[in-house]
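Residue numbers (my numbering), protein chains in the order written: chain H, 3 to 364; chain D, 3 to 364.
Derived from the structure by calculation, the hints contain no laboratory data. Since this is a predicted model, take the numbers as computed values, not measurements. Backbone N, C-alpha and C fix where the C-beta goes; we use that ideal spot for every residue, glycine too. Wrong hints could be hidden among the right ones.
[Claimed, not checked] Stretches of chain H that chain D covers, calculated by requiring three or more beta carbons in the stretch to come under 8 Å of a beta carbon on chain D:
(1) 169-181
(2) 215-228
(3) 236-248
[Said to hold, decoys possible] Here are the simulated lysine-lysine pairs, DSSO-like style, with alpha carbons at most 30 Å apart:
(4) K321/D / K115/H
(5) K215/D / K116/H
(6) K109/H / K231/D
(7) K116/H / K115/D
(8) K46/D / K115/H
(9) K116/D / K231/H
(10) K46/H / K115/D
(11) K215/H / K115/D
(12) K115/D / K231/H
(13) K109/H / K46/D
(14) K109/D / K231/H
(15) K46/H / K321/D
(16) K259/H / K46/H
(17) K46/D / K320/H
(18) K46/D / K321/H
[Unchecked claim] Simulated DEER-style distance windows between Cβ atoms:
(19) K259/H / S57/D: 38 to 44 Å
(20) K46/D / E61/H: 34 to 40 Å
(21) A357/H / R44/D: 24 to 30 Å
There are 2 protein chains.
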Amino acid sequence: MERVYNFSAGPGVLPLAVLEQARDEMVVYKDSGMSVMEMSHRSKPYMAIIAQAESLLRELLAIPDNYAVLLLQGGASLQFSMLPMNLLTHPTQQSVDYILTGSWAEKAYGEAKKQCGDVRVAASSKAVNYSRIPTQAELTLNPQAAYLHITSNNTIFGTEYYYTPDSGGVPLVADISSNVLSRPMEISDYALLYAGAQKNLGPSGVTVVIVRKDLLGRRTDLPNMLDYKVHADNDSMFNTPPTYAIYILGLVLQWTKNQGGVAAMEQRNIRKAAKLYAAIDRSSYYQCPTEAISRSRMNVPFTLADPSQDATFLAEAKKAGLVTLAGHRSVGGMRASLYNAMPEEGVDALVTFMAEFERRHG
Amino acid sequence: MERVYNFSAGPGVLPLAVLEQARDEMVVYKDSGMSVMEMSHRSKPYMAIIAQAESLLRELLAIPDNYAVLLLQGGASLQFSMLPMNLLTHPTQQSVDYILTGSWAEKAYGEAKKQCGDVRVAASSKAVNYSRIPTQAELTLNPQAAYLHITSNNTIFGTEYYYTPDSGGVPLVADISSNVLSRPMEISDYALLYAGAQKNLGPSGVTVVIVRKDLLGRRTDLPNMLDYKVHADNDSMFNTPPTYAIYILGLVLQWTKNQGGVAAMEQRNIRKAAKLYAAIDRSSYYQCPTEAISRSRMNVPFTLADPSQDATFLAEAKKAGLVTLAGHRSVGGMRASLYNAMPEEGVDALVTFMAEFERRHG
Numbered sequence: 003m004e005r006v007y008n009f010s011a012g013p014g015v016l017p018l019a020v021l022e023q024a025r026d027e028m029v030v031y032k033d034s035g036m037s038v039m040e041m042s043h044r045s046k047p048y049m050a051i052i053a054q055a056e057s058l059l060r061e062l063l064a065i066p067d068n069y070a071v072l073l074l075q076g077g078a079s080l081q082f083s084m085l086p087m088n089l090l091t092h093p094t095q096q097s098v099d100y101i102l103t104g105s106w107a108e109k110a111y112g113e114a115k116k117q118c119g120d121v122r123v124a125a126s127s128k129a130v131n132y133s134r135i136p137t138q139a140e141l142t143l144n145p146q147a148a149y150l151h152i153t154s155n156n157t158i159f160g161t162e163y164y165y166t167p168d169s170g171g172v173p174l175v176a177d178i179s180s181n182v183l184s185r186p187m188e189i190s191d192y193a194l195l196y197a198g199a200q201k202n203l204g205p206s207g208v209t210v211v212i213v214r215k216d217l218l219g220r221r222t223d224l225p226n227m228l229d230y231k232v233h234a235d236n237d238s239m240f241n242t243p244p245t246y247a248i249y250i251l252g253l254v255l256q257w258t259k260n261q262g263g264v265a266a267m268e269q270r271n272i273r274k275a276a277k278l279y280a281a282i283d284r285s286s287y288y289q290c291p292t293e294a295i296s297r298s299r300m301n302v303p304f305t306l307a308d309p310s311q312d313a314t315f316l317a318e319a320k321k322a323g324l325v326t327l328a329g330h331r332s333v334g335g336m337r338a339s340l341y342n343a344m345p346e347e348g349v350d351a352l353v354t355f356m357a358e359f360e361r362r363h364g
Numbered sequence: 003m004e005r006v007y008n009f010s011a012g013p014g015v016l017p018l019a020v021l022e023q024a025r026d027e028m029v030v031y032k033d034s035g036m037s038v039m040e041m042s043h044r045s046k047p048y049m050a051i052i053a054q055a056e057s058l059l060r061e062l063l064a065i066p067d068n069y070a071v072l073l074l075q076g077g078a079s080l081q082f083s084m085l086p087m088n089l090l091t092h093p094t095q096q097s098v099d100y101i102l103t104g105s106w107a108e109k110a111y112g113e114a115k116k117q118c119g120d121v122r123v124a125a126s127s128k129a130v131n132y133s134r135i136p137t138q139a140e141l142t143l144n145p146q147a148a149y150l151h152i153t154s155n156n157t158i159f160g161t162e163y164y165y166t167p168d169s170g171g172v173p174l175v176a177d178i179s180s181n182v183l184s185r186p187m188e189i190s191d192y193a194l195l196y197a198g199a200q201k202n203l204g205p206s207g208v209t210v211v212i213v214r215k216d217l218l219g220r221r222t223d224l225p226n227m228l229d230y231k232v233h234a235d236n237d238s239m240f241n242t243p244p245t246y247a248i249y250i251l252g253l254v255l256q257w258t259k260n261q262g263g264v265a266a267m268e269q270r271n272i273r274k275a276a277k278l279y280a281a282i283d284r285s286s287y288y289q290c291p292t293e294a295i296s297r298s299r300m301n302v303p304f305t306l307a308d309p310s311q312d313a314t315f316l317a318e319a320k321k322a323g324l325v326t327l328a329g330h331r332s333v334g335g336m337r338a339s340l341y342n343a344m345p346e347e348g349v350d351a352l353v354t355f356m357a358e359f360e361r362r363h364g
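Chain H on its own, in the form it takes in the complex (with noise of 0.2 Å):
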């Protein structure tokens, strides 16, 4: 079986060399006699894959000293409640901001609303069924909020945030599951950052989290697995870490690296990105839900003239090598995902085979 182009939103393509890689050292990693899922994550050569993940994470990122990195279990789904739960001092007495962009900021939010007393929406584009991320000059602020919420690219609809908001000295924190690593990033406009690795840093199962050292242990009385400061001390170590996620991290961190860093990618992804979205841009038979300015590098959804031929183009693409195109079950049409493994001339063949599709059920 040939190797297809995989555009799903995540879990996602993952770099064929990253692959290739994991496939020769499974049964035995270098000299240690075993496979890397079978290693004690105290034992010396485990030791030095989580370091390396976490350097080359620092490396890639440009994370200041001041921010601990930890490599967590649960998703940003997780992350919804550990942050507010390790943020607040006094969850009944403080008001914190969230912008909605879409289906992931609604739910960080409900989930802040089980852990705070006060969330306000500083802003949401929702009357515009998420099409587009708010400017600054939308945004209303609460200057004594405990911090600001954004999430920085929306898988579902599309869009990504080409602007940091100033939040007026508010702490920010963002949700960068989807476009971590796609482009470089100002760590320090941030005071905590995070992401599932399902897109652009490995496979599920492990959580990045970057956060400003002086947040840590403003609260003693939560579970030690809900605990920042718990697992800055321990190195991400406190329990059994996802010890396999975290060296497929590794390796993806390696070939992002070995491609350029981040400002290569981003080139690239500018370069993927634009091509798909002329091709849309350049026919009556595919419209774009995203308005310009806000449209996402990373997931592109796009609808047919005729929905009714969904099912086909979905059936087409995939005999072409061209899978995971639906569009997610809450706004059907199609969406391609574009992230960092994602090969240019897999963008080609989409754009090729959507202009001879258009061509024979235009």
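Using the hints, position chain D against chain H.
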């Protein structure tokens, strides 16, 4: 590099056949055109993988239909908190019972105290350095307790329950992380069982929870990610599950079934443990700190008559291809873990090495 015999307490040895299949399927899984790691968790091939894992677990452990099987993240350590969060409806007014048999039981107890105002010790063998499991006669049970918690096998101190405590109708809860699948269990004796995967089930990063369905939904204010009912209602797909770890879990379960299931595993584990304990007991050079009646088949701690030879023992064992034999950092000495995937030949090799070491250094 040859494979070694890996006596790690976890993450630990996996069946070679599982690793070879994982290797062969790493780049392309069957006719999917992609790695399992790259699959959308809602894709057809992945849905088949997770359904098969649950089905095999139900078959191997004979789990009744009135129990939900959840595949979660966070290890047993997160269950220490999720358990009281989910089972207590009035945490400040209810009482729970814990039997203390070692470090992990103590940790479970410690986390429960953060969630419940009245956490009782129903029994403890701490006074004898956790060298045995308390007997039924030694239990001081509270008939009003919301549940009674036990740790079915103790990896650090090397003890294991060979009876099921009669809780007098109080829901019985067990951390079965380190002996699940090692022998048949009567699931209906328990209200809830949980296990981190990284001993007999698979890689770290996935946690199995088996819970009687009538216990779900007692609380409605929990974070979604910490609510058993949310995960049960969504077939462990509320959020992106640790997809690759679950795939490996499925392979390990299939291997376990191919070996004859848990009854066959028990026979093999009895033979393996008997060989090693006999080797220790017939020598005055080796000592086992645990009492015979509670000796674990999974984790066998032992000491040398002369502790100054510990480092030599470990170094020479490593040269003989026998690794990860150091005792837990909290107790020292040696520990050989004999999980399901440790072949009898590994135990034979260890026993032979121990006799030779004693001859040369004893």
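Evaluation of the provided hints:
no. : hint                       : result
1   : 169-181                    : violated (count 0)
2   : 215-228                    : holds (count 6)
3   : 236-248                    : holds (count 8)
4   : K321/D / K115/H            : violated, 57 Å
5   : K215/D / K116/H            : holds, 24 Å
6   : K109/H / K231/D            : holds, 17 Å
7   : K116/H / K115/D            : holds, 22 Å
8   : K46/D / K115/H             : violated, 34 Å
9   : K116/D / K231/H            : holds, 17 Å
10  : K46/H / K115/D             : violated, 34 Å
11  : K215/H / K115/D            : holds, 27 Å
12  : K115/D / K231/H            : holds, 19 Å
13  : K109/H / K46/D             : holds, 25 Å
14  : K109/D / K231/H            : holds, 17 Å
15  : K46/H / K321/D             : holds, 16 Å
16  : K259/H / K46/H             : holds, 24 Å
17  : K46/D / K320/H             : holds, 14 Å
18  : K46/D / K321/H             : holds, 16 Å
19  : K259/H / S57/D: 38 to 44 Å : holds, 41 Å
20  : K46/D / E61/H: 34 to 40 Å  : holds, 39 Å
21  : A357/H / R44/D: 24 to 30 Å : holds, 29 Å
Checked against the numbered hints given earlier, this structure breaks hints 1, 4, 8, 10; the rest are met.
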